[in-house]
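Asker: Each chain, written out:
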Amino acid sequence: MEELTFTPEIKPPSTKKDPKRWLKDNLFSNWYNTLLTLLAIVLLYFLFKGVYTWVFTQAKWEVIPPNLRKLSVGKFPKDQLWRVGQVIYVLAVLMGLSAGIWKGLNQQITSAVACVGAVIALLPIQVNTSLREAAIIATTLIAVSYVLGRDLQNLKRWVIIGWVLMFPWMMFMLHGFGENSISTILWGGLLLTLILAVVGIVACFPIGILLALGRRSQLPAIRWISIAYIEVVRGMPLVTILFMGSLMLPIFMPGDFRPDKVIRAMIVLTLFSAAYMAENVRGGLQAVPRGQYEAAQAVGLAYPQTMTFIVLPQALRSVIPTIVGQFIALFKDTSLVSIIALTEVLGTADEILGDPKWTGYQPELYVFIAVIYFIFTFAMSHVSQIVEAELGVGKH
Amino acid sequence: MTENVTTENVTNDPIIVCEDVHKWFDDFHVLKGITTSFKKGEKAVICGPSGSGKSTFIRTINRLEEHQRGTIIVDGIELTNDLRNINLIRQEVGMVFQQFNLFPHLSNIKNITLGPMKVRKLSKRQAEEDALALLERMGIADQAYKYPSEVSGGQQQRVAIARALAMEPKIMLFDEPTSALDPEMISEVLDVMRELAHSGMTMLVVTHEMGFAREVADRVMFFDEGVVVEEAAPADFFDNPQHDRTKLFISQTLQH
Ligand SMILES: Nc1ncnc2c1ncn2[C@@H]1O[C@H](COP(=O)(O)OP(=O)(O)OP(=O)(O)O)[C@@H](O)[C@H]1O
Ligand SMILES: [Mg+2]
Numbered sequence: 078m079e080e081l082t083f084t085p086e087i088k089p090p091s092t093k094k095d096p097k098r099w100l101k102d103n104l105f106s107n108w109y110n111t112l113l114t115l116l117a118i119v120l121l122y123f124l125f126k127g128v129y130t131w132v133f134t135q136a137k138w139e140v141i142p143p144n145l146r147k148l149s150v151g152k153f154p155k156d157q158l159w160r161v162g163q164v165i166y167v168l169a170v171l172m173g174l175s176a177g178i179w180k181g182l183n184q185q186i187t188s189a190v191a192c193v194g195a196v197i198a199l200l201p202i203q204v205n206t207s208l209r210e211a212a213i214i215a216t217t218l219i220a221v222s223y224v225l226g227r228d229l230q231n232l233k234r235w236v237i238i239g240w241v242l243m244f245p246w247m248m249f250m251l252h253g254f255g256e257n258s259i260s261t262i263l264w265g266g267l268l269l270t271l272i273l274a275v276v277g278i279v280a281c282f283p284i285g286i287l288l289a290l291g292r293r294s295q296l297p298a299i300r301w302i303s304i305a306y307i308e309v310v311r312g313m314p315l316v317t318i319l320f321m322g323s324l325m326l327p328i329f330m331p332g333d334f335r336p337d338k339v340i341r342a343m344i345v346l347t348l349f350s351a352a353y354m355a356e357n358v359r360g361g362l363q364a365v366p367r368g369q370y371e372a373a374q375a376v377g378l379a380y381p382q383t384m385t386f387i388v389l390p391q392a393l394r395s396v397i398p399t400i401v402g403q404f405i406a407l408f409k410d411t412s413l414v415s416i417i418a419l420t421e422v423l424g425t426a427d428e429i430l431g432d433p434k435w436t437g438y439q440p441e442l443y444v445f446i447a448v449i450y451f452i453f454t455f456a457m458s459h460v461s462q463i464v465e466a467e468l469g470v471g472k473h
Numbered sequence: 227m228t229e230n231v232t233t234e235n236v237t238n239d240p241i242i243v244c245e246d247v248h249k250w251f252d253d254f255h256v257l258k259g260i261t262t263s264f265k266k267g268e269k270a271v272i273c274g275p276s277g278s279g280k281s282t283f284i285r286t287i288n289r290l291e292e293h294q295r296g297t298i299i300v301d302g303i304e305l306t307n308d309l310r311n312i313n314l315i316r317q318e319v320g321m322v323f324q325q326f327n328l329f330p331h332l333s334n335i336k337n338i339t340l341g342p343m344k345v346r347k348l349s350k351r352q353a354e355e356d357a358l359a360l361l362e363r364m365g366i367a368d369q370a371y372k373y374p375s376e377v378s379g380g381q382q383q384r385v386a387i388a389r390a391l392a393m394e395p396k397i398m399l400f401d402e403p404t405s406a407l408d409p410e411m412i413s414e415v416l417d418v419m420r421e422l423a424h425s426g427m428t429m430l431v432v433t434h435e436m437g438f439a440r441e442v443a444d445r446v447m448f449f450d451e452g453v454v455v456e457e458a459a460p461a462d463f464f465d466n467p468q469h470d471r472t473k474l475f476i477s478q479t480l481q482h
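Just so you know, the protein sequences line up as chains F and G, in that order.
So the first sequence is numbered by my numbering: it starts at 78 and just counts up by one.
So the second sequence is numbered by my numbering: it starts at 227 and just counts up by one.
Note that these hints are calculated values from the structure, not bench results.
Predicted, not measured: the structure shown is a model, and the values here were computed from it.
Glycine included, C-beta positions come from ideal geometry on N, C-alpha and C.
Be aware that one or more of the hints could be misleading.
Straight-line C-alpha distance at most 30 Å; calculated DSSO-like pairs for lysine-lysine [claimed, not checked]:
hint, chain 1, residue 1, chain 2, residue 2
1, G, 336, F, 180
2, F, 233, G, 344
3, G, 336, F, 233
4, G, 344, F, 180
5, F, 155, F, 434
Reference excerpt, derived from the structure (chain G facing chain F, CB under 8 Å, subset only) [to be verified]:
hint, residue
6, 263
7, 290
8, 294
9, 321
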């Protein structure tokens, strides 16, 4: 009998390269690559030099600190700011607990928010103490309740109830009641931007899913209503719908019924994004093969179960990047509410610039706002990448 | 002669009764009046040329396809548009597909426990215990926590069989369960099916595995153009076919 010879196991070749080798392989592999690299270096040098000089020697940042409160909360009365603080702190505790209890996705979102909080807490500019204080307290609350949440699994139900009550409580808290109540007209700045964006994102998601399912429904009435809704809304610019929602809707409303302006903006933003969400979700639904429905039916799952456990998880996974892209678009679209005289963060900036004292400070103020937008949108796309990795998208 | 090992399990009560079953896809007449019945514990192998309506027929039995004329009664329940009936029957009829159709976003064990937990309302612990026992029976207990894409085709098909069995069905439908498999994996799936046959399960199997048919089947049915051309015990069917079309088909399939 022939003797078996064993091939010895060897380690795969190392893919790590030393930096010199990497430079040569990637940047200087041949003459035109070398030329491009040098060109890029020169360009980058001038770019950085320009930015550096402007940011550190020319820009008149003194416009920011005195206006920071306005940019944060608009005309919200100073002596009522504790209300905003309460909302933020409760939100921080809820997020921390959720991250501790459920881990996973909650953890990613919460840590992204905590990072934003930490950035604000550490802003390298002179900030009125209350903002920095609030950021520090919120970040700490997130951390503490996260640690606690890990050992408090039986709190699950209460945290869910907390989230459900969060929205009405926030509206109530910010608005107050009686003589001290604060008209939503005074809400503004980043506070309004975030409220509109978060409410829009959270609410448009389920509505979009329902519309997508409706568009594929066997029942003609539901299908036609869904199609009509999606196509009509997608056929109109957001500005038009905001305008109609704000100015024309009250004309059709019976009697004195006048939904609050901010609420109207929330509804319009939600319904607008829901139409786009529906089309994104539909794209995902089309990617789920028929065999998945059949296998689900064959084990006896009813339609709602088939959708919830089999079809939607697969459909949504495949369109995460599109959905997050849409959330980011919605976040930026909130700036359009200035058309109906709500002053979110960008509108606040315009208001500040209208003050003769601050004319000529456009570049500084707009750059500052751009950085704020960037921090939030970057956090969003970062979370989406982590979510994708976590769910193993593209792997299984 | 092949000894038929399973006859002792077959009783005389029919569990599936089909009366003059017709099915059209638009104008295309796929099933042209199928009348037959299957007894409890019976193993029927269905064969026939491509496009003859084999898949369509077994899919009418758990109503993945709707028949348009005639009656189908499964375990005393007639298949109508009544959703309650359909869901009852789907719990009693397991199905295994040619392409496995496992849920790719769930691990193997979750593929198996989903039905029992959501439909039979078992506790998570009970469902997992049952699932692990089934995977053990399929010989792949060590693959429980992997995802379908991380195991071989033969293993995937065995997970799919376990998924169907987890609902504790009275009837199992197999639609070409080995056709998508590499040759070396076919036998591991057939082994599992053979074991299932011995346990007394009622089985309707669409397959071209004639060795399996000879060994396990109580009856072989030959479909062509939407009708049952011939049906007989495997020995008679293979050694003494009556119809020309059957003879032609057998000679063609046995050639390769
Ligand atoms: N959903 C459908 N819509 C229209 N025609 C269909 C549909 N499903 C099957 N058919 C047609 O019905 C006929 C029978 O199909 P069926 O799948 O039952 O055949 P089969 O005997 O299983 O064949 P195969 O061995 O290729 O699987 C085929 O001609 C097929 O093209
Ligand atoms: Mg077929």
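Asker: Hint by hint, say whether it matches the structure.
Answerer: Hints, one by one, checked against the model:
1. With a CA separation close to 20 Å, the supplied pair residue 336 of chain G and residue 180 of chain F stays within the 30 Å bound.
2. Restraint check for residue 233 of chain F and residue 344 of chain G: satisfied, since their Cα atoms lie roughly 21 Å apart, inside the 30 Å limit.
3. Distance check on the hinted pair: residue 336 of chain G and residue 233 of chain F sit about 23 Å apart at the alpha-carbon level, within 30 Å; holds.
4. For the proposed pair residue 344 of chain G and residue 180 of chain F, the alpha carbon gap of about 24 Å is at most 30 Å, so the pair holds.
5. Among the hinted pairs, residue 155 of chain F with residue 434 of chain F is consistent with the structure: their alpha-carbon atoms are about 21 Å apart, no more than 30 Å.
6. At a threshold of 8 Å, the smallest CB-CB gap from residue 263 of chain G to chain F is about 22 Å, leaving the interface hint violated.
7. For residue 290 of chain G, the interface hint holds, the least distance from its beta-carbon to any beta-carbon of chain F being 5 Å, beneath 8 Å.
8. Proximity of residue 294 of chain G to chain F is violated relative to the hint, the smallest CB-CB distance being about 17 Å (cut-off 8 Å).
9. The criterion of a C-beta within 8 Å of any C-beta in chain F is met by residue 321 of chain G, whose closest approach is roughly 4 Å, and the hint holds.
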